[in-house]
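Colleague: Here's the letter readout for the chains.
2 protein chains.
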Amino acid sequence: MLSKNHPRYLSLKYRHALENGVKSGIVTPTGMIAHGRGEALDYLIGERTTKNAMKAAEAAAALLLLAKRPVISVNGNVSVLAAEEIIKLAKVCDAKIEANVFYAPAAKRKRMIVELFRKKGAHILGRISDAKIKGLSSERANVSKEGIFSADVVLVMLEDGDRTEALKKAGKKVIAIDLNPLSRTAKKADITIVDNIVRALPLLSKKANTLKRKNIKQLKFIVKKFSNKRNIKESLKIISKAASK
Amino acid sequence: MLSKNHPRYLSLKYRHALENGVKSGIVTPTGMIAHGRGEALDYLIGERTTKNAMKAAEAAAALLLLAKRPVISVNGNVSVLAAEEIIKLAKVCDAKIEANVFYAPAAKRKRMIVELFRKKGAHILGRISDAKIKGLSSERANVSKEGIFSADVVLVMLEDGDRTEALKKAGKKVIAIDLNPLSRTAKKADITIVDNIVRALPLLSKKANTLKRKNIKQLKFIVKKFSNKRNIKESLKIISKAASK
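Just so you know, the protein sequences line up as chains A and B, in that order.
Start counting the first sequence at 0; every next residue gets the next number (numbering that gives the first Met the number 0).
Start counting the second sequence at 0; every next residue gets the next number (numbering that gives the first Met the number 0).
This list has only true hints and no planted wrong ones.
Identical copies look the same in the list; a pair holds intra-copy or inter-copy alike.
Within a straight-line C-alpha distance of at most 20 Å, the following computed EDC-like cross-link-like pairs (lysine to aspartate or glutamate) qualify: (1) K12 with D159; (2) K236 with D41; (3) K107 with E18; (4) K240 with D41.
Since the hints were made in silico from the structure, they are not lab data.
Chain A extracted, bound-state conformation:
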C-alpha cells in the first residue's frame, strides 16, 4: 500500500485510480495521456490553486448560481478522480450531471459512469441520448434532451476544444476547468479555471455556498467584471515564472 507520507502521495493516488479505471474500461488509455499532460502543467503551477484560479472560480460559481438549467458534464477521467466532489457541487448549485465521453466504446462507458455515480447515491443523465449538439462528430454529439441539450450553462472538465466550441455555438455559456491555459477549451470557454479538478471542484462548491447569500444583481456584477482573456494571461505568467525559477 502507498504510504500517505510519500511526497507524491496524492499524485500517485490519482494515478492508481486511473489505472484501475483503465482496467475496468471506464477510462481509456488515451485518457491516461491526457492525465499526464495535466500532471506536467499542474507541476508547473506548483500543484496549488493560484489566486488567479480563485478569481475564475468565484465568477464560475456566480454563473452557476445564476443559471436556470446548469449541467455538469462528466467523462471517464472526471468520474474516477472526483465523482464525490461533482455530486457535492451539483447539490450546492442545483445542477444536473450528465455523462458525455469522447472515446469509444461510448455507450458502454457512459453506462459505467452512470453506474459509478448511482453507487455514490446520485442519479445522473447520459445513459439515454435523445438529442444532438450540432457540429460535433462522434459520440460527443449525443446528449440528453433534459440535460446538456437544454442547458444554459455547462461546466466541462478535461475536455476537447471542438466540443466547447459546439456548445458555445449552441448558445450555451461554458465554464471550463483546464490546466492548460493555451488549450482551445481554455480560450473558447466563458470562464476558465486553470486548476486541477480535484482542487477546483471543492473550491467551486465553497465559493457557491458563500455566494448563495448574494442577490442576483451582485452575482451578475461578479460575472461581468471577470475577463477570461485577462485571467488566462495571468495564468500563463504564473507558468512562465515557475519555469524560470
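Use these hints to put chain B onto chain A, whose structure you have.
Modeller: This is chain B only, laid out in the frame that chain A set:
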C-alpha cells in the same frame, strides 16, 4: 485512418502506437501518463529541437563515441516510439541495447521488448538478468552483466530519477533524454538532452556520424566544455518564454 495532413498527425501517430502498446502489454497504463507529461512539455518548447538541445546532443554524441562500453537502455515506451532510431544510433556508436523496465510484469515486458527489436533485426540484452545495480528496489535493479552492469556510459530515456542516481553511484556516466528539465533524471545526468526522443535520437545519430571524424582530444574537449547545469537553465528559460507568449 489518420490523415498525414492532420495538424496533429505526428502527435496522434505516437499516441496510437502507445495505445496499441497498452493493448499488447509492452506499455503500461502508467507509461501513458508519462507520455502525456512529455506531450505537455514538448508543446511548451514548441515541438522542435531547440539550439540548446542541439548543444547537449553534440556533447552526448561525443561522450558516446568516447565510451568503451556504451549501453542504450530501453523501456516499453521507448521501444514502441523509436526502436528503429535506437538501432541506428547503437550502430553508429557501437553501443549495446538493453531492455530495462520499471513496471511489472517486468520479465514478460522485457521479453516483449527483446522480441520487438529482434523482429527489426537487432539482438538486444535484457532477457537474462545476471547482475544487479545497487540501491534500486524492484525490477529496475536487474541488469545484464555484459550490458548495463559493465557499461561506462548509459543512455537513458523517459526514466525515473532513482535509477539515474543509482547508475551514477555505480560509477557510470549517464546521458538522459528528458523533456522535463526539472526532473531528477535531468538534474542528475551528466548530459541531459531536453527534447522529444523521436527528434533527439536521429539527431544523436547524425551528430555521432559527424563527430566520428574528430580525434579523441577534440571529442574530450566537446564533452569538457559542456555544462549540464547551464544547459538545463537555458531550457527552463525557453519553456518560460513559450509560456509567456
